[in-house]
Amino acid sequence: MRDLTLAMRRRTDVLTTLFFFIIVVSLFPLGAGTEKMILMKIAPGVAWVAALLASMLALERLFASDFADGTLEQMLLTPQPIFILVLGKVFAHWLLTGLPLVFIAPLVGLQYYLPDEAVSTMMLALLIGTPILSLVGAIGAALTLGLRGGGILLSLLILPLYIPIMVYGAGVVSASATGTTDLQAYFSILSGFLILALVLSPIATAAALRISVE
Amino acid sequence: MRDLTLAMRRRTDVLTTLFFFIIVVSLFPLGAGTEKMILMKIAPGVAWVAALLASMLALERLFASDFADGTLEQMLLTPQPIFILVLGKVFAHWLLTGLPLVFIAPLVGLQYYLPDEAVSTMMLALLIGTPILSLVGAIGAALTLGLRGGGILLSLLILPLYIPIMVYGAGVVSASATGTTDLQAYFSILSGFLILALVLSPIATAAALRISVE
Amino acid sequence: MLEITNLTCSRGDRQLFTGLNFSLKPGSLLYVEGRNGTGKSTLLRAICGLFLADSGDILWDGKNTQSLAEDYTKEVVYLGHHNGIKDDLSGLENLRISTVLDGDDVTEEQIWNALKKMGLKGFEDLPTKVLSQGQKRRVALARLLLNSSKLWILDEPFTALDVAAVDLLQSVIADHISKGGMVVLTTHQEVALTAGQIQRLELGKKKNKNV
Amino acid sequence: MLEITNLTCSRGDRQLFTGLNFSLKPGSLLYVEGRNGTGKSTLLRAICGLFLADSGDILWDGKNTQSLAEDYTKEVVYLGHHNGIKDDLSGLENLRISTVLDGDDVTEEQIWNALKKMGLKGFEDLPTKVLSQGQKRRVALARLLLNSSKLWILDEPFTALDVAAVDLLQSVIADHISKGGMVVLTTHQEVALTAGQIQRLELGKKKNKNV
Amino acid sequence: MSAISEFFHAGGYGFYIWGSYGAAILLMVGELTIIKQQYRTILKRLSRMARMNAAEEDE
Amino acid sequence: MSINWFKYSSPTTFYPLAGKMIPFFGWLTALLTIGGLYWGFFETPDTLSDQKEYYRIIYIHVGAAWMSMWLYIMMAAWALAGLVFQTRLSYMIASAIAPTGAIATFLALWTGAFWGKTSWGTWWDWDPRMTSELILLFLYMGYMALQSAIDDPRRADRAAALLALVGLVCVPIIFWSINCPNPNECAALHQTSKPGGGNMDPNILIAMLVVALAFWMYSFVAVLMRVRNIILERERHTTWVNEMLEDKQ
Ligand code: HEM
Ligand SMILES: Nc1ncnc2c1ncn2[C@@H]1O[C@H](COP(=O)(O)OP(=O)(O)OP(=O)(O)O)[C@@H](O)[C@H]1O
Ligand SMILES: Nc1ncnc2c1ncn2[C@@H]1O[C@H](COP(=O)(O)OP(=O)(O)OP(=O)(O)O)[C@@H](O)[C@H]1O
Ligand SMILES: [Mg+2]
Ligand SMILES: [Mg+2]
Chain A
1410 MRDLTLAMRR
1420 RTDVLTTLFF
1430 FIIVVSLFPL
1440 GAGTEKMILM
1450 KIAPGVAWVA
1460 ALLASMLALE
1470 RLFASDFADG
1480 TLEQMLLTPQ
1490 PIFILVLGKV
1500 FAHWLLTGLP
1510 LVFIAPLVGL
1520 QYYLPDEAVS
1530 TMMLALLIGT
1540 PILSLVGAIG
1550 AALTLGLRGG
1560 GILLSLLILP
1570 LYIPIMVYGA
1580 GVVSASATGT
1590 TDLQAYFSIL
1600 SGFLILALVL
1610 SPIATAAALR
1620 ISVE
Chain B
1410 MRDLTLAMRR
1420 RTDVLTTLFF
1430 FIIVVSLFPL
1440 GAGTEKMILM
1450 KIAPGVAWVA
1460 ALLASMLALE
1470 RLFASDFADG
1480 TLEQMLLTPQ
1490 PIFILVLGKV
1500 FAHWLLTGLP
1510 LVFIAPLVGL
1520 QYYLPDEAVS
1530 TMMLALLIGT
1540 PILSLVGAIG
1550 AALTLGLRGG
1560 GILLSLLILP
1570 LYIPIMVYGA
1580 GVVSASATGT
1590 TDLQAYFSIL
1600 SGFLILALVL
1610 SPIATAAALR
1620 ISVE
Chain C
1411 MLEITNLTCS
1421 RGDRQLFTGL
1431 NFSLKPGSLL
1441 YVEGRNGTGK
1451 STLLRAICGL
1461 FLADSGDILW
1471 DGKNTQSLAE
1481 DYTKEVVYLG
1491 HHNGIKDDLS
1501 GLENLRISTV
1511 LDGDDVTEEQ
1521 IWNALKKMGL
1531 KGFEDLPTKV
1541 LSQGQKRRVA
1551 LARLLLNSSK
1561 LWILDEPFTA
1571 LDVAAVDLLQ
1581 SVIADHISKG
1591 GMVVLTTHQE
1601 VALTAGQIQR
1611 LELGKKKNKN
1621 V
Chain D
1411 MLEITNLTCS
1421 RGDRQLFTGL
1431 NFSLKPGSLL
1441 YVEGRNGTGK
1451 STLLRAICGL
1461 FLADSGDILW
1471 DGKNTQSLAE
1481 DYTKEVVYLG
1491 HHNGIKDDLS
1501 GLENLRISTV
1511 LDGDDVTEEQ
1521 IWNALKKMGL
1531 KGFEDLPTKV
1541 LSQGQKRRVA
1551 LARLLLNSSK
1561 LWILDEPFTA
1571 LDVAAVDLLQ
1581 SVIADHISKG
1591 GMVVLTTHQE
1601 VALTAGQIQR
1611 LELGKKKNKN
1621 V
Chain E
12 MSAISEFFHA
22 GGYGFYIWGS
32 YGAAILLMVG
42 ELTIIKQQYR
52 TILKRLSRMA
62 RMNAAEEDE
Chain F
125 MSINWFKYSS
135 PTTFYPLAGK
145 MIPFFGWLTA
155 LLTIGGLYWG
165 FFETPDTLSD
175 QKEYYRIIYI
185 HVGAAWMSMW
195 LYIMMAAWAL
205 AGLVFQTRLS
215 YMIASAIAPT
225 GAIATFLALW
235 TGAFWGKTSW
245 GTWWDWDPRM
255 TSELILLFLY
265 MGYMALQSAI
275 DDPRRADRAA
285 ALLALVGLVC
295 VPIIFWSINC
305 PNPNECAALH
315 QTSKPGGGNM
325 DPNILIAMLV
335 VALAFWMYSF
345 VAVLMRVRNI
355 ILERERHTTW
365 VNEMLEDKQ
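Chains as they are written, first to last, in this note's numbering: chain A, 1410 to 1623; chain B, 1410 to 1623; chain C, 1411 to 1621; chain D, 1411 to 1621; chain E, 12 to 70; chain F, 125 to 373.
Keep in mind that the hints are not guaranteed to be accurate.
List of simulated lysine-lysine pairs, BS3-like, C-alpha gap at most 25 Å [said to hold, decoys possible]:
| hint | chain 1 | residue 1 | chain 2 | residue 2 |
| --- | --- | --- | --- | --- |
| 1 | C | Lys1589 | C | Lys1526 |
| 2 | A | Lys1450 | F | Lys241 |
| 3 | D | Lys1484 | D | Lys1589 |
| 4 | E | Lys47 | F | Lys241 |
Because the hints were derived from the structure by calculation, they are not lab data.
The task is simple: from the sequences and hints, build the whole structure.
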């Protein structure tokens, strides 16, 4: 709730994320050459790496400002169960970093010459996958709270956990681009991850916060 | 100076950066498939994008903690010219995010099947290019100091400015991988950029800091 | 009623206090004294559950506060060295959020009144980052006016406040106590506390060797 | 000598003060008073050059401070609401760095002595983030003992300090003034300042309508 | 085909040509309308503020 | 001359002046647009080199592309003036230019894409010119995002102005680097891909220039109107604004 207030207050933030994606996605062709065949192959990877990075960049600030100004302590002292507050924060984070990517996916498709079905597969995969990133990331953010070099330490903790999501997320797009029709299996795995994360991550994050705040 | 003290105090930071690179660089083959030919083509792009991102990730914190605890004000009030202090900070940033990448380059070469000369070219290009990233990034970091959503706003401001460096930095590696022997021109352009950045960036950053601290 | 039995806290290598015992009845105030670094803030944080003591119990109406969990935090307001307000939000929004989180049913008008009472008329809807130090503290203190919790834990609440605001806060505290509330307080300023029953607890006195 | 002529500062929509004039001679102290939010901190920051005034001049020995640049900042120590110390570094390291940056030639021993004098014996080489609020403030204040600047600008230096430390700081200030230094000070605490020549400046008095 | 529809058909490229011109007109007219709109709201707000000030002085 | 100049560098005098200039530029825009487009559609051949009718996108495409760059230069110039002379009006003008510049940039990209689809059969390619135009859009966006992210108008103005200047130094470098990714072959690259080359029908050229001029006049209209808004917003506490409001009523 509070985070939605904050998030909404700066609607430009969402815009900024959108542009961040556009820029990252546009960077690759500049660095890697512009051959159509290659671009098509790396498109899913690029989109997912962009998703990971946007998620990670914002994770650092997920609890940091609350920690610095003392609102985190206050949150821990409210009569609300902490995992609800954590869920609220994670949801706000996803709204800012995950959802925009879903909407931007068609543009990636355009720039990287992806076929239409692959684009819609990518959108669906991102829709399921990005909340997992936010949920898992929250644990890491809570653990690294207040540590110097937290940002990069965070990446170190979190990236390995992100890899499975990326592998399946990018895998399903490649599969659909090459015309494989049975994408069901990919999606059920991703959804399984999502449910698991939804159940476990708030609890783990709440515990980590208690430890960090002391 | 002060930043060196701080930087040295946490020698693990350098390690963390190294792991960050290794992970980002290893991510791509996972997302984009592992065809040798393709990997070779995208190697320079991937390495440079990783350099850009590592630089950016750390930029956010370049002045932020000094700003929050009031040491930035104190720095502005010392009898030292501000641009010297800025140079010190930038140098520390480069030591943490740029230099490790130079050392890790051979590993990238290995993973992406680059020929040996291309690897040494890449190291040299990174050695000249990454300080420019730190210098240019400092301007953006100073401008976005203390703003909400600063991290992503920073990327928006800085990435377009990073593009030329990346284009030449990746270009020279590609050129050397395809056997072009005349790499001199690339390197003189990169060095030109470096000198320009070295002269202008501290001044601009100092001005931006003055504006932001008010 | 708040009861502390045999509380021992240490930070880093140092044991700040051992075997601390006291109890606080409704309608009374505990004034925790002590020089800088004697563990006042640590004690206060331990009482509200933000810091885990080495040993000893903190009981609320006879029940352990740790097992009470949310049933206890509902009864506590804590105000620490940090204001606990969001820089980017206005005083109004900050209070609205904190009352919602505290589960208090407060109308918009009450919030405006609380801010007005704290001398922030005209500053209600400015982002708090543009407020002066004392004004920020006032926003944080306005929470006390809107809160129905019994136990107030205030860590140096008077810092940054001007004379008028210090007076005001004193009367707010006195009021709370006279209504049967409890207050645990630290401050280095000379403050005339005239409310209900005042207990004093001095930390770091006997154990000079540790300090 | 510090001279302020016709200084006007505004923040956001509000004009905090207009046409402010005063001058401060060596060996005297200026005590800036005013309620919360009347612009004391803003004035102090304007004097040391961290805030750009709308109009008016700030002269040091007759020369404009903006054009003096580093020649002026050399003469100034500023201590604001923030302590300006690094959490990750120890008090020792913090002071070492700040003396180097200030260009003062201070030995290691002097730093240890300054910390000892501020009552931080035994805490010299702990990272300041584990210190208590008052101990952090003491680290920040230790800079004053090591500094050779003439003009001290202190924004509520007494916050978080216990009684002993307040006394100590008062004597340090009195000492500086008696040696021909200048001090600009704000505080809401009742503090007995007995040093040299004391001037008072009250902000936000006449312009109640703006406040 | 009438001359007009032929003109708009533009030899089969109507979509592209009018897609471009349409975007141009939309953006530019839209920009001006938005500015105009902003102008009106600012004026409204300012006059409201003036009235409020006047009311305060009357008190 | 110099006296006049400084007189008009105050928002108080500029506001009414801008009000007077707007209709003038508005009429010019309308006349030039109608004239240019009439010429471009009815006095010109149906094909340009080997291109069919779709070449008529050229009129807006080139106009928008030129304006996008020219407006950036102007924006940076006003930002510099603001930083040097500390005149509020300069900052206001600079920030008024940005949205119009961004729109022109977007338009150049959009029309370029439509033209590309007809001419090259693809909406988008990583052609140097297109890429640099995209980056220009990012620079505009960065300027506007920075300004809107800072609440304090004074800091917002100065920070954004500094950014515009940094961008100005970098823009040529960016464009050049993208146009010439391989420094050894720069000369060769330069000669190719000047679309249309020198063999353009003079009528087309005339129409193109007239429409580009119309774009320019339009920019004046939009920027002046926005400056007036900004002035009102920023100066709402001053007496002259209040007096002006009273006059209106
Ligand atoms: C997204 C960006 C752009 C796209 C997609 C684009 C596309 C095109 C295309 C397809 C043509 C026709 C080429 C032909 O003759 O077959 C063209 C012509 C032209 N473009 Fe662009 N362009 C872009 C940006 C720019 C920019 C930045 C400029 C800068 C001035 C520019 C200036 C021109 C000019 C002057 C012509 C034609 C002039 C002539 O035929 O003599 N364009 N553009
Ligand atoms: N994380 C930590 N690690 C080690 N020691 C700590 C840590 N945190 C606090 N301390 C020590 O605990 C002691 C008590 O700190 P506390 O903040 O409780 O003091 P305090 O009585 O509130 O002082 P003050 O009046 O200055 O606020 C201090 O001496 C401090 O050095
Ligand atoms: N960035 C800003 N934008 C708008 N108003 C501001 C900004 N910064 C400060 N102010 C206002 O300026 C006024 C003066 O602030 P300042 O910090 O100078 O007060 P102060 O006298 O130091 O008060 P205190 O005793 O509380 O420290 C406050 O009313 C505050 O609301
Ligand atoms: Mg304390
Ligand atoms: Mg103040």
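These are the hints, each one checked on the structure:
Straight-line distance between C-alpha atoms of C:Lys1589 and C:Lys1526 comes to about 22 Å, which keeps the hinted pair within the 25 Å bound. This hinted pair checks out: A:Lys1450 and F:Lys241 have alpha carbons roughly 23 Å apart, not beyond 25 Å. Only pairs whose Cα atoms come within 25 Å are accepted, and D:Lys1484 paired with D:Lys1589 is accepted, the gap being roughly 18 Å. The suggested pairing of E:Lys47 with F:Lys241 is violated, with an alpha-carbon distance near 35 Å, which exceeds 25 Å.
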